[in-house]
Structure formats: structure tokens, C-alpha cells
Amino acid sequence: MEHQTRTRRRYGAVLALVAGAVPWFVTIGDLSEAGHRQLSIFLLAVVLWVTEAVPLHATAACIIGLQVILVSDQAIFGVPAGFEAPPYAEFYGALADPVIILFLGGFFLADAAAKFDLDRNLARVLLTPFGDRPSRLILGIMVITAVLSMFMSNTATTATMLAVVLPVAGRLPPGDPTRVALALCVPVAANVGGIGTPVGTPPNAVAISALSSAGYDLTFLDWMVLAVPFVVIILIAAWLVLCRFFPAEVDTLDVRIESVFDRSRNATILYVTAGATIAGWLTEPLHGVPAAVVAFLPIAVLLTTRVFTADDLRRVQWHVLWLVAGGIALGDGVVSTGLDEWFVGLLPLDDLPALALAAVLASVALVASTVISNSATANLLVPIGLTVAASAAVAIDPVLAGVLIAVGCSLAMMLPVSTPPNAVAYATGSVKTTDMAAVGAVVGVVGLLVFVLLAPPVWEALGLL
Amino acid sequence: MKLVILVVEDDPPVRDALVADLAPFGAVARIEVAESAEEASELVADLGRDERLALVLADHRLPGRSGVDFLVGLSGSMADPAVRKVLVTGQADHADTIRAVNDAGLDHYIAKPWDPDDLATVVRDLLSRWVADQVDDVLPYLAHLDSEILLPAVRRHTDPD
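Residue numbers (our numbering), protein chains in the order written: chain R, 1 to 465; chain B, 1001 to 1161.
Watch out, some of these pointers could steer you wrong.
Chain R regions said to be covered by chain B (calculated; three or more residues, Cβ under 8 Å) [stated by the list, open to error]: (1) 159 to 172; (2) 194 to 208; (3) 316 to 322; (4) 373 to 384; (5) 412 to 423.
Simulated restraints, written as ranges between beta carbons of each label pair [stated by the list, open to error]: (6) R:Pro457 with B:Pro1024: 55 to 63 Å; (7) B:Glu1148 with R:Val22: 45 to 53 Å; (8) B:His1157 with R:Pro457: 48 to 56 Å; (9) B:Pro1140 with R:Leu352: 20 to 28 Å; (10) B:Asp1050 with R:Gly170: 26 to 34 Å; (11) B:Glu1148 with R:Leu352: 47 to 55 Å; (12) R:Thr309 with B:Pro1081: 19 to 27 Å; (13) R:Thr309 with B:Glu1148: 19 to 27 Å.
Just so you know, the hints here were simulated from the structure itself, not pulled from any lab data.
Given the structure is predicted, the values throughout are model-derived calculations rather than measurements.
C-beta atoms are modelled at their ideal positions from N, C-alpha and C, and glycine is treated no differently.
Modelling step: build the complete structure from the supplied sequences, incorporating the hints.
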């Protein structure tokens, strides 16, 4: 295994360099010089993100650096004639893009919640009304997991919820199907729940940022209105599938969960801050303060009151933010060099019905992110997908394209490697790959159909497109 | 990285019983045995580059240096302070035990004869805590050790969604 990893990394790195070198030696007639440079960066990024020859965030860092030295106004080989190079600060600025700050605010809330056990206590309190019948309890676990996952990373939510769920599963006899259902319902609900808000998972951030650059600003609430109704439908479908595939053999489960909320000064400050932040995000239409501005409230308050210490600050998952920033910078470069237009020109788009195009965008995202990182998939597909949507040959709203790509990335959950929540659930030893593949396939297909067929007319009726 | 559990016990039947009770941990750690403190020190010095000593279960009364002396040596300046230490003995007196707690940072004391289930519980707990503290990727251990201890570490060290 370790040997395979080394081999994959070595070939990946070599292949990435070769792919990145090609545009420097092969001249493509209808692509500008800046486009060639950007194509080099893009090909390098594709290979590095697919092979994971270097960590995902390292690829993002390379992208930012390469864009500055190749396609910004500080390009070291000079700015190509006729190319309006973006200021280099714009590429560095991706690291402090409003969406990055929005995520950072979310991380502060999630990390502080973990520190004071707020997430686990909330899960326990909210689970109580669902009772102890297996199917009801699984529904409860899925609802709570999905809601937490809208505000915390999918992986952190999975870790939190499995810690609540595994002891319950452990009190069942070995081989009981409900054990599998309990362990599998958590990653499924976390992946689906992540679709629900802008801060739920990085692909959403990538889509929102790219849409904002293209002139389509989605508020926190806009995104939730777009996504949550369909998240609910997919969750119910997933729950039915789990109950069907793993029918309960016991009447009741031994739940035994207690919650003891921390009532210290620091914990109370966190509760109030988290409540105020989320309320601020949900009420943007009333006060007009953008979500990324509200997101600085927890950052400033929790640091000032020392609820969040320097140690906590060091432990923030900065690498996730770097990965998203790499995607934002890449999208910026792809659009400003015109690489996106050239690429879209290669696609046979004429006479493609809007519905088919929507299905293609979401399916490509789903298939790609089944084997590569969801965030990396979104980073690569969103800029091109938005340009496809904006091109004259098709009639599909860019918002639809952006949201469908982000959703497609999150719906990929067939394999343990598809997404970290799956990897965690698989590592517990309670779930077999075949079980995960069966449930993942159903959820992926149902999710795709729901979003491609149902969502566009609903969004249009609501005036969101 | 491979974990190593070291058993230091001179009495063959007792040693075999300990090794048998540790068998369930064979999936996550290599179990090494030594008959004396000296042999144990050599084993520790000879660990491979990708191996790390996670847990020692030592008897007190051994030929040559005592088990408590060995454990105190393990927590000395050159040693790996993370190693979890268990004394498995029937013969350590009050003073030895105090020294093991104060100077060796003893994690647990198991009196002979032991209950195999208790031993497994103690080892599982200590190994889980060691892995949660010392290992970046805890996923390979999740199925074999205490998931409640390991899951918070999963949260700290994971890839982006």
C-alpha cells in the first residue's frame, strides 16, 4: 500500500510536469499566449489534483504562485502583448476572498463548538424525541447529522456523530443489519447535509465565489432556499433505502445518551455568538449585511474574549481554506486569460437542450468526485461550467450551472475514497464497500434526478434564476 | 509506522499468558517479549526506523535490574516520553510502586493474577490514547481500538471534503 502510494506520487508528479510543459511547446492556433500559459497551469493542476502526487492544498499554493508569475501584471516572462493582465494582488487576494472569510467564520464556530462539546450535546438533546425504534432513531441521526453538517465540515460532523452512534451500534448483536445502517447513515447524511448552506462544504464556496465574480451574488439564504428543500427529499430517500437494505431485527435500541451542557463563561459566550452569527446569516434580506461580513463577528468576538485562543487559531484547518483559495485563483485566471472561452469552443454545444446540459454538468461532477476530492473537482469544473452556461449556444442560467456542479460534487459517495466521511465510516469496520456502493449509488442517482429535473422549475418559480 | 507492545516477564507460563491475552491487538501492533530489563533495553534500541514503542507491560521482579528500574529508565532524558507504561506484578512493595508512579510516570498497575478482560480493557484504552496523541492518520486503527477516543483525533487530521 505504501509502495503503491509512492509510485502513484512519483508518476503523478512526472505526468503533471509533462502536462504542464505541453502548452509551452505546442502552439494552438486560436488560443492567445496568455491562454497557453493558463492552460499550462490548468493541466498541471488537473494532474496533481487527480493523482494527489502532492497534497491538495499544495497544488492550490502552486496555482496561486504560478498565476502570479505567469499571467499577472508581474509575470516574470513579461506580459503578452494585447493581454490585460490582472494585478498580481488579485491572485494573492484569493486567500482573503469574502468566501474564504465566510468559511473561516464557520470554522471558528465549528472548532469552538467542538471545544465545548456543543456539537455532541446538541446531537444528544435533539436525538431524544426520536425515541428508540431503529428506523425512527436512524431518521433522527440523519436529520441531526445533516443539520450539523450544514454548519460544520462534513468530516468533522461524521466524527462527532459516529462517536454518538457507534456505542449504540456496539450494543447490538454482531451481524445485526442495523449496525451497518447506523454507521452508514452518518456519512450519507453528512455528505447530503453539506449541500444545504454556503459554509456546508468547500464546493459550495467555490461555486458562490465564481458566481459572484460573474455578477451573480447569492445570499446565504438564497443558497439555502435553493438547496435545503432538495436536501430534505434526498435525505428521506436515503433513509428509506437504508431501512430497506438493512431491515431492523430488533424492536428497540439501547440508546442511553446523556448531555451535560457546559455552563462556563466561555461556553456561554460561544452559544450567544454562534446564535447571533447564524441568525445574522439567515436574516440578510432584513438587514442587508452580507454573510461574509457577519462571519467576522465570531472571529472578532471569540478571539477578543479569549474563548478562541492562539492554540485554537493554530489548529484551524487552514489547508482547507488554501484549497478553496486555489480554486478561486484558478477560476479567476481561467476567465481573465480567456482559456474558458477557448475550452468551451471545443465542446459540441450546439443544439444541446438545457436539460441535457444541466444533467451533463452535474453528472460529470458526480463521476469525477467519486474518485477525486470534491473540492478539487469543483475547483476544476466550476469556472468552465459557468462559461459553458454563459455561452451563446446554450440557454442555461449560470446560477443553475454553478449550483449543479457543487451539488454533483457532494453527491458522490459510492466508495470509501469518494469523500473523507465515507473513509471514516469505512475505517470503523462496520461498513462493507459493497454496502456503501449500493447505498451511495442510489443516493447519487436519486439526488442527481431530483436536482436536475425538479430543481430548475422550482428555482425559476421562486425567481432565483 | 508500526506500533510495538513490549512484554517484559521472566516466568515463561506468565509471559505466554500475557502474550495470549494481547493477541487481539496483533492487528495493530507487533508484540515483542523480553526476559529481562537488559534484553528489553536492547529490543527498544533495536527498533526499526518505522517502528515505535507504544506500550510496555513489565513485571517488577526480574533477573538483574527490576521492572520498575527499567520503566524509570524508559522515561529518562533520551527516551520517548509518550510510551505508556503498565506494571504487571504481585511482588512490588509500596516503595517500588511509589517510585514507578512518580519517576516512571506509570499509567496503570495490574496485580497478578489478572483478569484477561480487565487487561484487554486497560491495553485498549492506553493504546487508543497513544494513537490519538501520536499518530496523524488514525483511520487504520479505528476498527481495532476505542473509537470514542480516536474519533476526536479524526476530526483534527482529515482531508478537506
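Do the hints match the structure? See the list:
Interface restraint, the stretch 159 to 172 of chain R with chain B: holds (6 residues with C-beta to C-beta distance below 8 Å; minimum three). Figure legend: the stretch 194 to 208 of chain R, annotated as covered by chain B; annotation consistent (4 residues with Cβ-Cβ distances under 8 Å, at least 3 required). Restraint check on the stretch 316 to 322 of chain R versus chain B: 3 residues with Cβ-Cβ distances below 8 Å, three needed, restraint holds. A count of 3 residues in the stretch 373 to 384 of chain R with a Cβ less than 8 Å from any Cβ of chain B is obtained; the coverage claim is therefore met, three being the minimum.
Coverage of a stretch by a chain is defined here by at least three residues with a beta carbon nearer than 8 Å to that chain's beta carbons; for the stretch 412 to 423 of chain R and chain B the count is 4, and the condition holds. Taking the beta carbon of each, R:Pro457 and B:Pro1024 are about 57 Å apart, inside 55 to 63 Å as hinted. Taking the beta carbon of each, B:Glu1148 and R:Val22 are about 51 Å apart, inside 45 to 53 Å as hinted. B:His1157 and R:Pro457 have their C-beta atoms about 43 Å apart, which leaves the hinted 48 to 56 Å range violated.
As the Cβ distance of B:Pro1140 to R:Leu352 is approximately 46 Å, the hint placing it in 20 to 28 Å is violated. Distance hint check: the CB atoms of B:Asp1050 and R:Gly170 are about 32 Å apart, consistent with the given range 26 to 34 Å. Distance hint check: the CB atoms of B:Glu1148 and R:Leu352 are about 52 Å apart, consistent with the given range 47 to 55 Å. Restraint check, R:Thr309 to B:Pro1081: a C-beta distance of roughly 24 Å satisfies the suggested window 19 to 27 Å.
Range check, R:Thr309 to B:Glu1148: about 25 Å between beta-carbon atoms, so the 19 to 27 Å window is met.
Comparing the model with each earlier hint shows violations of hints 8 and 9; every other hint is respected.
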